[in-house]
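Given chain A, put chain B in place with the hints provided.
First to last, the sequence lines map onto chains A and B. Counting the first sequence from 1 gives a position; our numbering is that position plus 5. Counting the second sequence from 1 gives a position; our numbering is that position plus 5.
Keep in mind that the hints were calculated from the coordinates and are not lab data. Don't take every hint at face value.
Pairs involving identical chains hold if they fit within one copy or between any two copies, as the list cannot separate such chains.
Here are the computed lysine-lysine pairs in the BS3-like style, where the Cα-Cα straight-line distance is at most 30 Å [what the hints assert, rightly or not]: (1) Lys-124 x Lys-24; (2) Lys-101 x Lys-136; (3) Lys-55 x Lys-122; (4) Lys-122 x Lys-103; (5) Lys-103 x Lys-62; (6) Lys-167 x Lys-40; (7) Lys-80 x Lys-40; (8) Lys-182 x Lys-101; (9) Lys-182 x Lys-210; (10) Lys-136 x Lys-63; (11) Lys-145 x Lys-81; (12) Lys-210 x Lys-55; (13) Lys-62 x Lys-101; (14) Lys-182 x Lys-51; (15) Lys-142 x Lys-122; (16) Lys-124 x Lys-103; (17) Lys-40 x Lys-145; (18) Lys-63 x Lys-122; (19) Lys-136 x Lys-81; (20) Lys-124 x Lys-51; (21) Lys-51 x Lys-62; (22) Lys-182 x Lys-24.
Number of protein chains: 2
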Amino acid sequence: MYLRSNITRLLQYRSCLTKFQELGFETIYSYNLGKHIGVSAEQIRKDFSKFNIRGNKKAGYNIEELITAINKIFKKNSPQNVLLIGYGNLGQSLIKYKGFSRSMFHIIAAIDIDPSKHKRKTLVPVFPPEKAPEIIKKHKITIGIIAVPDIAAQEVCNLLVKAGIKGILNFSSLVLKAPEDVQINNINLGNELEAIFYHIQLKQKNI
Amino acid sequence: MYLRSNITRLLQYRSCLTKFQELGFETIYSYNLGKHIGVSAEQIRKDFSKFNIRGNKKAGYNIEELITAINKIFKKNSPQNVLLIGYGNLGQSLIKYKGFSRSMFHIIAAIDIDPSKHKRKTLVPVFPPEKAPEIIKKHKITIGIIAVPDIAAQEVCNLLVKAGIKGILNFSSLVLKAPEDVQINNINLGNELEAIFYHIQLKQKNI
Numbered sequence: 006m007y008l009r010s011n012i013t014r015l016l017q018y019r020s021c022l023t024k025f026q027e028l029g030f031e032t033i034y035s036y037n038l039g040k041h042i043g044v045s046a047e048q049i050r051k052d053f054s055k056f057n058i059r060g061n062k063k064a065g066y067n068i069e070e071l072i073t074a075i076n077k078i079f080k081k082n083s084p085q086n087v088l089l090i091g092y093g094n095l096g097q098s099l100i101k102y103k104g105f106s107r108s109m110f111h112i113i114a115a116i117d118i119d120p121s122k123h124k125r126k127t128l129v130p131v132f133p134p135e136k137a138p139e140i141i142k143k144h145k146i147t148i149g150i151i152a153v154p155d156i157a158a159q160e161v162c163n164l165l166v167k168a169g170i171k172g173i174l175n176f177s178s179l180v181l182k183a184p185e186d187v188q189i190n191n192i193n194l195g196n197e198l199e200a201i202f203y204h205i206q207l208k209q210k211n212i
Numbered sequence: 006m007y008l009r010s011n012i013t014r015l016l017q018y019r020s021c022l023t024k025f026q027e028l029g030f031e032t033i034y035s036y037n038l039g040k041h042i043g044v045s046a047e048q049i050r051k052d053f054s055k056f057n058i059r060g061n062k063k064a065g066y067n068i069e070e071l072i073t074a075i076n077k078i079f080k081k082n083s084p085q086n087v088l089l090i091g092y093g094n095l096g097q098s099l100i101k102y103k104g105f106s107r108s109m110f111h112i113i114a115a116i117d118i119d120p121s122k123h124k125r126k127t128l129v130p131v132f133p134p135e136k137a138p139e140i141i142k143k144h145k146i147t148i149g150i151i152a153v154p155d156i157a158a159q160e161v162c163n164l165l166v167k168a169g170i171k172g173i174l175n176f177s178s179l180v181l182k183a184p185e186d187v188q189i190n191n192i193n194l195g196n197e198l199e200a201i202f203y204h205i206q207l208k209q210k211n212i
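Here chain A stands alone, though its shape is the one from the complex (with noise of 0.2 Å):
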């Protein structure tokens, strides 16, 4: 089994791939992938032979190769569907975000509690939370975003998981509860200010 954090460099990796790519290069040592991501030249040679991708010492790993790799480890086979809940600023900006549908995620629909937004002629429909468990069964979505005020994200959370949902994008603060087989995700973004403020630093004394 690969850890979530295996996972997450791997995805990182084929931004940073597709970076160099897209800027004309054909090959790139480990060296410089880490140096871009801030991973050892060492984890990055584990993370690719623990996924089988083997590069050649003296040339480097060819991109597109590595890429094509990535993108095996995480083939899907048709586009999935995703389920929004919370129809705010937030969740609003998430619908037009363009990274989803770049990876084949599509937002179809989403799910609020005020009944001023429920309605179909929107970017995708808005439905009441009751409608939830038909919405996930009759589209096959096995992820939902949640995206609510931090005092209804358990319940939206037990609400998504009673429908069948295996895999959840958390955009709480809270940190939620729910079986073994579902899959959470946080995004925690005031760590990320802390992660950026500590590295900040850390250049400065170093100069």
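Quick look at chain B alone, frame taken from chain A:
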């Protein structure tokens, strides 16, 4: 020097430890913490010892001590001011996001190119781009959040760097070019969904 992945893990540990503390636990084993986060117990012990955090093999780690030790690493002497660029849906939801102020980061102003958004009576005042250098200097801002469409992201990045910004949280899907002493963290939500989907498939195979 600590790598970005170490830092991110430490912050994840703290989020998780805080949760366990809220649930009434006083001690924790590296194994339990690891299971919760998707990191091996060995990795956790390695990380903690790198930051001089010591535990007791039999009784586990004292949660309070762990949190204090991690807080010390990320100690800020004063709240940090943050500048938001892009006052669209995403930007407005970030201003309302409570996780920032909890970590002592404050978005104190926003920048937007659209004159109809330049208001002082919004939650934070919104200014035109040409005001950015002045605001950054006046409020000693070191971190900028880029929440503009992809097409404008690199230009905004250049503006921030020129005005002295040393850390950027980037929500655009562009990989930004900046000098080495500028720390850029990217939020790639497409990757988050890919990682969740990968784990769902893995769990289903194991059943």
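To see whether the hints hold, each was checked on the structure:
1. Taking CA atoms no more than 30 Å apart as the test, Lys-124 paired with Lys-24 passes in neither setting, with 39 Å inside one copy and 37 Å between copies.
2. Taking the shortest alpha-carbon separations for Lys-101 and Lys-136, both the intra-copy value of 23 Å and the inter-copy value of 28 Å come in at or below 30 Å.
3. Taking the shortest alpha-carbon separations for Lys-55 and Lys-122, neither the intra-copy value of 47 Å nor the inter-copy value of 50 Å comes in at or below 30 Å.
4. Proximity of Lys-122 to Lys-103 under the C-alpha cut-off of 30 Å is found in both arrangements, the shortest distances being 23 Å within a copy and 23 Å between copies.
5. When the C-alpha separation of Lys-103 and Lys-62 is checked against a cutoff of 30 Å, the pair qualifies neither within a copy, at 37 Å, nor between copies, at 47 Å.
6. Only between protomers do Lys-167 and Lys-40 lie at most 30 Å apart by alpha-carbon distance; the minimum there is 23 Å, versus 44 Å within a single protomer.
7. Both within a single protomer and between protomers do Lys-80 and Lys-40 lie at most 30 Å apart by alpha-carbon distance, with minima of 27 Å and 26 Å respectively.
8. Taking the shortest Cα distances, Lys-182 and Lys-101 sit within 30 Å of each other both inside one copy (29 Å) and across copies (24 Å).
9. In the homo-oligomer, the alpha carbons of Lys-182 and Lys-210 lie at most 30 Å apart only across protomers (23 Å), although the nearest pairing inside one protomer, at 40 Å, exceeds that limit.
10. Taking the shortest alpha-carbon separations for Lys-136 and Lys-63, neither the intra-copy value of 58 Å nor the inter-copy value of 50 Å comes in at or below 30 Å.
11. Taking the shortest alpha-carbon separations for Lys-145 and Lys-81, only the intra-copy value of 14 Å comes in at or below 30 Å, while the best inter-copy value is 46 Å.
12. In this assembly of identical chains, Lys-210 and Lys-55 lie within 30 Å of each other by CA distance solely across copies; the values are 19 Å between and 36 Å within a copy.
13. Taking the shortest Cα distances, Lys-62 and Lys-101 never come within 30 Å of each other, neither inside one copy (42 Å) nor across copies (49 Å).
14. In this assembly of identical chains, the alpha carbons of Lys-182 and Lys-51 lie at most 30 Å apart only when taken from different copies (27 Å versus 33 Å within one copy).
15. Proximity of Lys-142 to Lys-122 under the C-alpha cut-off of 30 Å is restricted to the intra-copy arrangement: shortest distance 22 Å within a copy versus 41 Å between copies.
16. Taking identical chains as interchangeable, the C-alpha atoms of Lys-124 and Lys-103 lie at most 30 Å apart whether they share a chain (22 Å) or sit on different chains (28 Å).
17. Taking the shortest alpha-carbon separations for Lys-40 and Lys-145, only the inter-copy value of 29 Å comes in at or below 30 Å, while the best intra-copy value is 41 Å.
18. For the homomeric pair Lys-63 and Lys-122, neither the shortest alpha-carbon distance inside one copy (59 Å) nor that between copies (54 Å) is at most 30 Å.
19. In this assembly of identical chains, Lys-136 and Lys-81 lie within 30 Å of each other by CA distance solely inside one copy; the values are 27 Å within and 46 Å between copies.
20. Proximity of Lys-124 and Lys-51 under a CA criterion of 30 Å is satisfied in neither setting, with 50 Å inside one chain copy and 52 Å between copies.
21. For the identical chains of this complex, Lys-51 and Lys-62 are neighbours both inside a copy (14 Å) and across copies (28 Å), given an alpha-carbon limit of 30 Å.
22. Proximity of Lys-182 to Lys-24 under the C-alpha cut-off of 30 Å is restricted to the inter-copy arrangement: shortest distance 11 Å between copies versus 37 Å within a copy.
When held up to the earlier numbered hints, the structure conflicts with 1, 3, 5, 10, 13, 18, 20 and fits the remainder.
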